[in-house]
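Colleague: Here's the letter readout for the chains.
Protein chains: 2
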Amino acid sequence: MSGTNGTNGAANGANGTASQGAHFRSSPYQPIGDFLSNVDKFKIIESTLREGEQFANAYFDTETKIKIAKALDEFGVDYIELTSPAASEQSRKDCEAICKLGLRAKILTHVRCDMRDAKLAVETGVDGLDVVIGTSSFLREHSHGKDMAYIEKTAIEVIEYIKSKGLEVRFSSEDSFRSDLVDLLSLYRAVDKVGVNRVGIADTVGCASPRQVYDLVRTLRGVVSCDIETHFHNDTGCSIANAYCALEAGATHIDTSVLGIGERNGITPLGGLLARMVVSAPEYVKSKYKLHMLKEIEDMVAEAVEVNTPFNNPITGFCAFTHKAGIHAKAILNNPSTYEILNPADFGLTRYVHFASRLTGWNAVKTRAGQLGLAMTDDQIKEVTAKIKALADVRPIAIDDADSIIRSFHLTLQQPAAQSNSAPVEVAQ
Amino acid sequence: MSGTNGTNGAANGANGTASQGAHFRSSPYQPIGDFLSNVDKFKIIESTLREGEQFANAYFDTETKIKIAKALDEFGVDYIELTSPAASEQSRKDCEAICKLGLRAKILTHVRCDMRDAKLAVETGVDGLDVVIGTSSFLREHSHGKDMAYIEKTAIEVIEYIKSKGLEVRFSSEDSFRSDLVDLLSLYRAVDKVGVNRVGIADTVGCASPRQVYDLVRTLRGVVSCDIETHFHNDTGCSIANAYCALEAGATHIDTSVLGIGERNGITPLGGLLARMVVSAPEYVKSKYKLHMLKEIEDMVAEAVEVNTPFNNPITGFCAFTHKAGIHAKAILNNPSTYEILNPADFGLTRYVHFASRLTGWNAVKTRAGQLGLAMTDDQIKEVTAKIKALADVRPIAIDDADSIIRSFHLTLQQPAAQSNSAPVEVAQ
Chain A
1 MSGTNGTNGA ANGANGTASQ GAHFRSSPYQ PIGDFLSNVD KFKIIESTLR EGEQFANAYF
61 DTETKIKIAK ALDEFGVDYI ELTSPAASEQ SRKDCEAICK LGLRAKILTH VRCDMRDAKL
121 AVETGVDGLD VVIGTSSFLR EHSHGKDMAY IEKTAIEVIE YIKSKGLEVR FSSEDSFRSD
181 LVDLLSLYRA VDKVGVNRVG IADTVGCASP RQVYDLVRTL RGVVSCDIET HFHNDTGCSI
241 ANAYCALEAG ATHIDTSVLG IGERNGITPL GGLLARMVVS APEYVKSKYK LHMLKEIEDM
301 VAEAVEVNTP FNNPITGFCA FTHKAGIHAK AILNNPSTYE ILNPADFGLT RYVHFASRLT
361 GWNAVKTRAG QLGLAMTDDQ IKEVTAKIKA LADVRPIAID DADSIIRSFH LTLQQPAAQS
421 NSAPVEVAQ
Chain B
1 MSGTNGTNGA ANGANGTASQ GAHFRSSPYQ PIGDFLSNVD KFKIIESTLR EGEQFANAYF
61 DTETKIKIAK ALDEFGVDYI ELTSPAASEQ SRKDCEAICK LGLRAKILTH VRCDMRDAKL
121 AVETGVDGLD VVIGTSSFLR EHSHGKDMAY IEKTAIEVIE YIKSKGLEVR FSSEDSFRSD
181 LVDLLSLYRA VDKVGVNRVG IADTVGCASP RQVYDLVRTL RGVVSCDIET HFHNDTGCSI
241 ANAYCALEAG ATHIDTSVLG IGERNGITPL GGLLARMVVS APEYVKSKYK LHMLKEIEDM
301 VAEAVEVNTP FNNPITGFCA FTHKAGIHAK AILNNPSTYE ILNPADFGLT RYVHFASRLT
361 GWNAVKTRAG QLGLAMTDDQ IKEVTAKIKA LADVRPIAID DADSIIRSFH LTLQQPAAQS
421 NSAPVEVAQ
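Going down the list, the protein sequences come from chains A and B.
Going by the UniProt record's numbering, the first sequence opens with residue 1, and the numbers climb by one from there.
Going by the UniProt record's numbering, the second sequence opens with residue 1, and the numbers climb by one from there.
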């Protein structure tokens, strides 16, 4: 029931059934309040208009960028990150245009750790700069070719310049999980000392695992006093889990993009992260973000980059709240908390109990008969369930087919006994 | 380079560049050999034909089931799990048919913890039974209504019966992460004592987080001596990460389905799990599984259940190996390890460096010019790169457009200086 106090309340908070909560809280495997954890007070840096623009299919014209920025702002994200104005002339102009919208969200742009880029960015009117440089041996050797001393010196120069202009500044390494730990920590300590607002950890290649993330963020938490931002690619499918573990270890900000779009197969998706967080911190998430807008925003971005929402997307995938197997359906009909950790109503969506398959059970069919306004005894329901299963064994059946079987069976019950063996299959419309 | 020794070698093993490996191994944040971990010796229980059949769109006829079973067997999965023969008459017949194929993989079927279901299953010729019962207060109250004493007594009866028939048996709780820990452990200890082959932990509702999974499996590892199987739903996007943490904590078997299909938005996907595991245990994964078959198997199942492979699917999503931003492209062209933790060639796929966008850089364009057989100086390449970015600022451009700009620019270099200002945009085909 709580959910405002650290990570307490998980499933219970999400479903909110007091009588079950009492028992549920007795499990020693629920997280307890943890002073390190920011699970119930994280901030979102929404990067659809930066990382998302690096998605293979992305081309956002000015109008689309403004539409997406306004929607994300209304949804409640804390920051909106834009492509560097150094990328192209139009990128610079779009950055200026979005800064002039007067959004509640702070506007950031993402630039290389380079004084020329920083100067160009400061001119656009953004609230802050996200500065980045590669620190792994891979990137130092094959990308920019600079050593750590040079990186530190440049970083401090750029940070001090941005601060002198009164703007917020984040300094991030790139490919942090393949960077030397000691180099990384001493770099972060140095930029923390000159007053950077956030340091960033980025799993640029998507190699990090959840417990590695926890360990690195936990260590960094002990080294710097500023905020900690994290950025996770999804190459090995761990971007949501890694973001969650980062928050548990003391990270304060998570980078997301709508549907996770970005380089390669992308980063932590906004919707997927919120699926995770609404389970862990329901009150914080529900009070801060307009969850009902999620589907509309995903549809907007999907259309702009010409992709379909994945069939298995958390929350908005077409079957995220569909229950099929008989034992699942039975329990869901008794109490949705049995097989649902997320409440579809929180997102303006509805659940669906699939009863037209060979895996169906009589409880689901009984509910359907009720919806159709047909009164039958349990034995009669079991009989018609057997008929539905028999047809579904032969071919895929639609709701209409199953409904026809139920209606036809119900009709035979009203008629003389002699006709009650007529095959419902044949009368299906 | 290693990868056979616990979880060592991660990124290095995946990319195999010795000179970088030396530096890379110096990071204290690489996992070290861990006697608990089964990251380099896990087994896959492939459940497309059981959990996958619970996916909203799934209807597998006998022929399709056999095709999928044969493909999974050839791919190298250890077990193939089938829908309970108690579900329907055709389910029973299909179970018998698949048992008769003589596959290398062991055939399992998934049944309720009930003697009637167990007897029916034993008759089909399967190698083992995966027995399941709900243990959370939610399910005990709203699904089967049994108490823990009854569950334990029935479990032991069913297990002893299956063992008496010479078959393998797993006993799993359902909704394990919302079950009382002490109840759960004492139940597992009891079934372990009567010689169950595996106990199973199931996150039936998809609520578990990675560190909860690690803790629960780690605790269970100290309580039972049998194998530990795990099953993770993906409602909050953590199913791959949770499977990985389970293996780190000592789990031995992971349930998967192709594309993750299952109840609601499904479970740990086969391909996504292998993306994670090939990074962590490259030699084990590459020697055991025919990774080149992954895309073909995913396509087969996607067609059978009428879905598209998600655009952002690990490995096989259309852009999983596409690099777009200028700094990414530059580094990738120098050395793919810079921004790739997975090697597309391991899966019979290829990488693609996107150069037709406003985020492109001159290194990518230089490579493209080389592919087109056009010799230019670096200054000339930078000039034509500016032209590509300028057009891409105005509208989305295709490879053909960018190629036309490059060719046209190259042509002007061969002609009298007076014509060198002709706008390449206008001559684009």
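There could be a bad hint or two in this list.
[What the hints assert, rightly or not] List time: in silico EDC-like cross-link candidates among lysine to aspartate or glutamate, alpha-carbon distance up to 16 Å:
#1 Lys366(B) - Glu383(B)
#2 Lys119(A) - Asp180(A)
#3 Lys387(B) - Asp227(A)
#4 Lys43(A) - Asp183(A)
#5 Lys93(A) - Asp393(B)
#6 Lys100(B) - Glu63(B)
#7 Lys93(B) - Asp393(A)
#8 Lys387(A) - Glu63(B)
#9 Lys153(A) - Asp127(A)
#10 Lys146(A) - Glu96(A)
#11 Lys290(A) - Asp34(A)
#12 Lys41(A) - Asp78(A)
I should point out that these hints are in silico values taken from the structure, not numbers from a laboratory.
Colleague: Hint by hint, where does the structure go against what was stated? Just the numbers, ascending.
Modeller: Structure breaks hints 2, 3, 4, 8, 9, 10 and 11.
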